[in-house]
Amino acid sequence: MAIIGIECSAHTFGVGVVKNGKILSNERRMYKISDKGMIPSKLADFHSEGAGTTIAAAIKNAGISTEEIEAVGYTKGPGLGASLRIGYLSAYTLSRKLGVPLIPVNHGIAHIEIAKRLNAMKNPVALYVSGGNSQILRMVEEPDRHYNIYGETYDIGVGNMLDSFARGAGLNPAWGSSVAKAAAGGRYIQLPYTVKGMDFTFTGLMTNALAKLKSEQLNDVCYSLQETAFSMLCEATERALLLTGSRELVLCGGVAQSARLKEMADAMAKPHNVKVGTLSDEYNADNGAMIGIVAERIFLSKSKIETGHEIDQRYRLDSVKVTWR
Amino acid sequence: MKKISEGAESIVYEGTVAGIRCVIKSRIQKLYRIDELDQRIRSTRTKNEARIISSASKAGVNTPRVLLIDGFDLYTERIGGTTLNKMGRIGTNERQKIMQGAGKNLALLHSSDIAHGDYTPANIMVDSGTVYVIDFGLAEQTKSVEEKAIDLLLMKRSVEKSDYKTFESAYVHASSKSNAIVSRLHEVEMRGRYQTRTLAV
Ligand SMILES: Nc1ncnc2c1ncn2[C@@H]1O[C@H](COP(=O)(O)OP(=O)(O)O)[C@@H](O)[C@H]1O
Ligand SMILES: [Mg+2]
Numbered sequence: 001m002a003i004i005g006i007e008c009s010a011h012t013f014g015v016g017v018v019k020n021g022k023i024l025s026n027e028r029r030m031y032k033i034s035d036k037g038m039i040p041s042k043l044a045d046f047h048s049e050g051a052g053t054t055i056a057a058a059i060k061n062a063g064i065s066t067e068e069i070e071a072v073g074y075t076k077g078p079g080l081g082a083s084l085r086i087g088y089l090s091a092y093t094l095s096r097k098l099g100v101p102l103i104p105v106n107h108g109i110a111h112i113e114i115a116k117r118l119n120a121m122k123n124p125v126a127l128y129v130s131g132g133n134s135q136i137l138r139m140v141e142e143p144d145r146h147y148n149i150y151g152e153t154y155d156i157g158v159g160n161m162l163d164s165f166a167r168g169a170g171l172n173p174a175w176g177s178s179v180a181k182a183a184a185g186g187r188y189i190q191l192p193y194t195v196k197g198m199d200f201t202f203t204g205l206m207t208n209a210l211a212k213l214k215s216e217q218l219n220d221v222c223y224s225l226q227e228t229a230f231s232m233l234c235e236a237t238e239r240a241l242l243l244t245g246s247r248e249l250v251l252c253g254g255v256a257q258s259a260r261l262k263e264m265a266d267a268m269a270k271p272h273n274v275k276v277g278t279l280s281d282e283y284n285a286d287n288g289a290m291i292g293i294v295a296e297r298i299f300l301s302k303s304k305i306e307t308g309h310e311i312d313q314r315y316r317l318d319s320v321k322v323t324w325r
Numbered sequence: 001m002k003k004i005s006e007g008a009e010s011i012v013y014e015g016t017v018a019g020i021r022c023v024i025k026s027r028i029q030k031l032y033r034i035d036e037l038d039q040r041i042r043s044t045r046t047k048n049e050a051r052i053i054s055s056a057s058k059a060g061v062n063t064p065r066v067l068l069i070d071g072f073d074l075y076t077e078r079i080g081g082t083t084l085n086k087m088g089r090i091g092t093n094e095r096q097k098i099m100q101g102a103g104k105n106l107a108l109l110h111s112s113d114i115a116h117g118d119y120t121p122a123n124i125m126v127d128s129g130t131v132y133v134i135d136f137g138l139a140e141q142t143k144s145v146e147e148k149a150i151d152l153l154l155m156k157r158s159v160e161k162s163d164y165k166t167f168e169s170a171y172v173h174a175s176s177k178s179n180a181i182v183s184r185l186h187e188v189e190m191r192g193r194y195q196t197r198t199l200a201v
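Protein chains in written order, with the numbering used here: chain H, 1 to 325; chain R, 1 to 201.
If you are wondering where the hints come from, they were derived from the structure by calculation, not from laboratory data. Note that beta-carbon positions come from the ideal geometry of N, C-alpha and C, so glycine has one too. Treat the hints with care, as some may be off.
Sample of chain H residues facing chain R (criterion: CB under 7 Å; computed from the structure) [to be verified]: (1) Glu227; (2) Ser231; (3) Glu238; (4) Arg239; (5) Leu242; (6) Met264; (7) Ala267; (8) Val322; (9) Trp324.
The shape of chain R in the complex, shown without the other chains:
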């Protein structure tokens, strides 16, 4: 097992188990929380993440398959390639294709009432041209227009203007109820709080 990343909530490892190349997301114990609460949170979040990955995949979103839930460890199949934020310099053409894929995947998620919660280039993976969505750690099953608009907002903050345009047109093209979400995005951006946040992060 090789550690590949460490976040506030979990450590991600990669390895091969019984011949299957997999990624294991292990939710870490938090000593500040009492045990009962800590275990309940880690276990619900692990199960929730697995459940949402499965519904996303049913909705046609490219996402790694869930292999196993083992306590606070979530095993998913490992895909090749790299995350979008680590791809380095790529041609305009390829970048446009990726942004289109990211937009289409998000439209599919939203159509089945899933808000991703952290839709940034760090959670988009590209493997020989196919665009995958990973990390459903903050995802939620919800009809909320606001939550969906925030998915767009996070992407907008993280990529260049022209890339975001490509992304948004693909999103609008692939979804049926995008009007309300795009206009909510503009509303959210007008609110002071998100403006100052955008500038700081």
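Pulled out of the complex, with its shape left as it was, chain H reads as follows:
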């Protein structure tokens, strides 16, 4: 048997085929962000155009026949309505055609689960960092098994913060990586650093960094912005590790592609004998394989799938009852 997963919550239309926890294929098609950000109607058109071919490519590259597909997983949320609708409708059409069940998956849970499984970890603390999200989580059993949020951003996700800054600084907004490039050779200048327990905020940091551009070198500001933001994330994560006593940490989400963040997390975890699990870029970015992985777990757990509310732009990660192990 095989499961197909369809991810479409923002700029990526991703399709992955999964069998017994193994990823057989992972196809992606990405909408190029302009300097104005994402325009919903254009985004929807882009995804509609590419859906069919991306799905076909994923099935072909997996080397399976369509009869082998036993369920279709899709991203229910959180995400942009324009994208979620296209993802859902594509998944719905495919599941009807194949006569197999449709399984809704939470986007954030999929990011964590793929990291956990590819690193063969049982119950790690997760630092989930992407455009819209920045959270520190771990699965707990009470009152029902779910992902508990230990800490999170009070305002915007670290990825969006870096992109908005990049735009404001006239850099090419490329999901944080343009700030990383421009940071090369920079020196530290003082910027606001705000951690409260295991929570943190980013808008003050961003506004201040943008203002500093008037008086300081671009590479110094980029360097300091990145160092400050990632240090904040590491400090909050360290608290969660000590609080839970966990010896495992995974980094996941788009910003987890950052080499600097990985390096810092390693340095933070080492004195506590905590193992750090990371992913290759392909699986940190939004992708269909992660949706397939969770859909397979849900499918195998034989839990009842709730219908209604097919998509939910604000689908909270900690509201999901985890029915699988």
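Once you have looked at the hints, place chain R with the ligands on chain H.
Frame of chain H; chain R with the ligands shown alone:
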């Protein structure tokens, strides 16, 4: 110097320096942060903690006196007794007195616009009947009703219902603006996020 506790941010030692019994809170270097940022954070937090302890004490809160700031090390006078979470079984009467003291101290803190940030039994010390507040590591000078409500929330999560009741009445009794803070507490508790957090920690 004897190590008495180790947290995410600092190591706490006790000892006697020049004949004075003291506690030294030493903020540890974090290798993941670049040096400049690391030193700036440790130094500001040490100074901030000292400053807040002093204003708390001026506001009439029982708290150990600050003796010295030495780089990233904060020396405070050592008080006897134990923290509330380590007191073991104590009589109802004594427990009520302690909860009243904890409530009154928090009211005094809030009246001078200090939110403690970690107001739990681990940071309340009792020495022959006197209730002290320690560990201002996460404290902030703020007017924020939300921050103050979270001080109440942390205590509520950490003690038994009846103890919390005693604590809250003493708090309300000793403060002038407690209405807004108590109702914000109820609001914060209604928000999903804190509910799930409470259940997990
Ligand atoms: N002034 C003091 N006198 C006596 N013991 C203290 C004093 N300050 C702290 N301690 C002891 O050290 C422990 C840790 O100190 P604390 O300031 O709470 O640091 P942490 O940030 O690690 O919680 C306390 O639980 C208490 O047992
Ligand atoms: Mg303490």
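To see whether the hints hold, each was checked on the structure:
Using the Cβ-Cβ criterion of 7 Å, the hint placing H/Glu227 at the interface with chain R is satisfied: the shortest such distance is roughly 5 Å. Hint status for H/Ser231: holds, given a least beta-carbon distance of 5 Å to chain R, under 7 Å. A hinted interface residue such as H/Glu238 counts as satisfied when its beta carbon comes closer than 7 Å to some beta carbon of chain R; here the least separation is about 5 Å, so the hint holds. Interface hint at H/Arg239: satisfied, since its Cβ lies 5 Å from the closest Cβ of chain R, which is below the 7 Å cut-off.
Of the supplied interface hints, the one on H/Leu242 holds, with its beta-carbon coming within about 5 Å of a beta-carbon of chain R, less than 7 Å. Taking 7 Å as the C-beta contact cut-off toward chain R, the hint placing H/Met264 at the interface holds, the least distance being around 4 Å. Interface restraint check for H/Ala267: the shortest CB-CB distance to chain R comes to about 4 Å, inside 7 Å, so the restraint holds. Below 7 Å, beta-carbon pairs count as interface contacts, and H/Val322 has none with chain R, the closest being about 13 Å; its hint is therefore violated.
The restraint placing H/Trp324 at the interface with chain R is violated, with a minimum CB-CB distance near 19 Å, outside the 7 Å limit.
When held up to the earlier numbered hints, the structure conflicts with 8, 9 and fits the remainder.
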